[in-house]
Amino acid sequence: MCQCAEKQPHDETTRRRVMEAFLGGGILATLASFLYPVIRFMIPPPVADLGGSEVVAAKAADMKPNSGKIFRFGSRPGLLIMTADGTYKALSATCTHLGCTVQYRPDMHEVWCACHNGTYDVNGRNISGPPPRPLDAYDVHLRGDDIVVSRKQEG
Amino acid sequence: MSVFTAIYRWIDDRLHLDDILEFLRHKVVPIHSLSYWYFFGGMTLLLFIIQVITGILLLLYYHAGASEAFESVQYIMTQVQFGWLIRSIHSWSANLMILTAFAHMFSVVFLKAYRKPREMTWVSGMLLLFLVMGFGFSGYLLPWNTLAFFATKVGTEMAGQVPIVGHPLMVFLRGGDEVTGATLTRFFGFHVAVLPGIVTVLIAIHLFLVLRQGMSVPPKVELEWEAHPESRKEMRFFPNFALRETMAWYVVIGILGALAAIFPWNLGVKADPFISAPAGIKPEWYFLFMFQTLKLIPSKVWFIDGEVLGILGCSLVALLWTLLPFFEGDKPSNTKRWITGVSIFALFYMIGMTIYGYLAK
Amino acid sequence: MATLRNKFVPLGAAVAALALLSSLAPAPRVVHAQAAPTATAAPAAATPVNSCLDCHSSLPEPYGVTQDKFSQDIHSQKGLTCTSCHGGDNTSYDPTVAMSPAKGWKNFKDRKSIPQMCGSCHGNPTFMKQYDPGLRTDQLAQYHTSVHGKRLAAGDTKVAVCIDCHSVHDIRPPSDPHSTVYPLNIATTCSRCHSDAAYMKDYKIPTNQFANYNTSVHHDAMVNHGDLSAPTCTTCHGNHGAAPPGVDKVENVCANCHVFQAQMYEKSTHNKAFADRGLPGCVVCHSNHGIHMPSDAMLGTGPEGVCMRCHAPGDHCDRARVRIQNGLSQLDDSITAADKELRLAEDSGMEVSEARLAQDQAKDSLTKARVTIHSYQAALVENDIAAGMKIANKDLQAGKDAMVERDHRRIGLGISIFAIVIVLVGFWLYIRNKHY
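Protein chains in written order, with numbering that gives the first Met the number 0: chain B, 0 to 154; chain L, 0 to 360; chain H, 0 to 435.
Do not take every clue at face value.
Lysine-lysine pairs mimicking BS3-like chemistry, simulated, CA-CA at most 27 Å apart [said to hold, decoys possible]:
id : chain 1 : residue 1 : chain 2 : residue 2
1  : L       : 281       : L       : 111
2  : B       : 68        : H       : 393
3  : B       : 151       : B       : 63
4  : H       : 433       : H       : 389
5  : B       : 68        : H       : 362
6  : H       : 433       : L       : 26
Don't read these hints as lab results, they were simulated from the structure.
Given the sequences, and given the hints that come with them, work out the whole structure.
Following this line, the structure appears as structure tokens:
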């Protein structure tokens, strides 16, 4: 680098400009690439799913009396039922016999498993067929237009 | 007058920064063949800062509770924009931090930087090392997956083996007799409040001591420079060394980003307290050497229970290691060589046991 | 499980011997009688003097009944004792008095009267109500309709009577795991006669049912998975009214659990075809006792194939079979391919739990398609397969999208690394330039 005296001032400027471009541009670029994910991270996602304790199972407008709907709760399916008299029930949809997904039968007003003809009432109690245990029941609340299902509080 | 100058003037009028700036301007870093090891302390600090930032970001979405923790981490990994990145950086940075902390500690040992007058720096550093491992242990449980659950069970069980205080200690750590949601809450409190508070104070002390006392030089280089003063080489901290350290920090950030993007941290399976422990439960790699040592100790040594002996032994070694500077006097002596020998043994022992523990069933 | 009939002679000899002993040694009898109240007075007042047990507890099988054994009997626990069934006098140590027909003593050696005796209480609802109002009281009536009951009425005492299945003197309720009629034990109980080739020689029915059942998926469910609702002998044959369901009623039995398959079968061509030829419905393809987990190979032409046992190659049914088989393997392959792609994505660190959950639905469709086989209409099966394919393809796409996302991440990383390299070069140049 000690040939500076022989260099033209023009080259000096170019060298310095290149260096500044690398350094300044580089620092800016890296800061941007650090800040961009952080800022995107801080913006809440559209699905404000609050972990596995609560989920919006359906909108009130979507449910008709004497009907059922399968929804996702954590990593397992759940069954939301609107009974004929308009109350909501929410149960685990995994049959306690061999794990098939149960369904609501409007003709029987009961929960039924197609695999081996097991039946539960709308409160989850196993009433006929092979299922050895009731279905887990969940709490259901209406929040505005959302039907929110949450796990029962631990005692 | 530029903006920066104006701001400087405003602050200087109120705080009189001259003497501080003079002090900083004269800070030098000794340059010799082993100078690169000086980077490791700063790298550990960088990684700690990254942990604090990513940790705070994770706090925006994490729920600490047995029924929510796993799902909230899953949410971060899948639903939150760049959540996978922030979480993976946090996990990788944790591991890298422990690695650099150990590298920093061992470099201090071999460069003999713990000698008088730097005993307090060493002790505060050792305490920081233990606390950093505590960070690792408490943080590992927070995603509430099977591996973490059982690793915590085994780890706290060992704490319970300490004579007399063991059981109360274990109950204190676990928030009960067993590892439950209460343990998770407690570990969360340790991880985000208690440990950060203590560690910040200790880092401040540690950094203050380093700034005040300057960098130490290895004995051989010291002798060389005393004999030939003209061979002494130093570099100003600001801006020379600082620029180079910034480059090193950029490299670390790059490595961290690559690890996080190419090897994202996995979720595992949600913990179920009622299943039996899967075979081959191991703690995280930084505890492996201790874990493997304990496994090799026979169940009864003389009349003492093997595990108790192992834990007391480890604790004793940790204590002696913390008091290392006080074994070495000023004058050259056999102790110095002996300590170097023990340190080399310790390093290879830890590396060997870690590999053994990793490969063992 | 030999009949009591064969032991008649030794029984008579033992009784005679006892009678002789009792007449020769009154003194020990008195001592014994005095000892008895203290022995039995210690427990609750519910165990009064019982001369039957006192003698019979020291006799060998099958006359030996100890207090220990009898105390496990549900009847003993409800306050009944020897005389409740056998009659006689349990306060006397004189066998001629204790076992006197005048006092109502019965020995049931002819076996024929056992059902009647048990039914005299168990068939009386008013009587049974004081013990357990929930118990059925039609067992005897059912028994009369069973093969065992009918043959017994015709004079065959080799057949099972109440005590052969329920044991005697240590009868436990069916809910007790040690009971001979606890669901897990029922098949073993039936096999004591029905697997004994020598014993069953005259009946001209097979004796391999138990062996076959033990290879079945129902046995596996019960024994290996603890599913007590899985069928055992009595589930299909009845317990007290035990009889084979009848060739034309087999699918009714299976239909109790396998509802959809039965409904489809009922509406299908096979229903009438099998009925007309006297073939036993479900059993034709699935066997009766050795029912194994069905596989798609049953639709094939290999050793497990069932269709080509009747159908001719190349005919309409064979072509339908091929369509069904192809459709099922197509869906199976699609699900496997999607699983593989998702696995690849997961290993690369992508989170695909939503698609994993949907895979369960795809697998449900495959199960449903396999159920629809029983309609024997390829078009219906293809409907279910199409639904499953839609989901499996979506999941495959999700896996592929995850891999694309992974690539995006790598590109993003690449850009950051590039920027970092620029910065490092910049720093280096700066340091050099300023001679720092």
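Results for each hint:
1. L/281 <-> L/111: With a Cα-Cα distance of about 34 Å, the restraint between residue 281 of chain L and residue 111 of chain L is violated, given a limit of 27 Å.
2. B/68 <-> H/393: 21 Å, holds
3. B/151 <-> B/63: It holds: about 24 Å lies between the C-alpha atoms, which stays within 27 Å.
4. H/433 <-> H/389: Status violated; Cα separation ~65 Å.
5. B/68 <-> H/362: 19 Å, holds
6. H/433 <-> L/26: Holds - the C-alpha atoms of residue 26 of chain L and residue 433 of chain H are around 19 Å apart, at most 27 Å.
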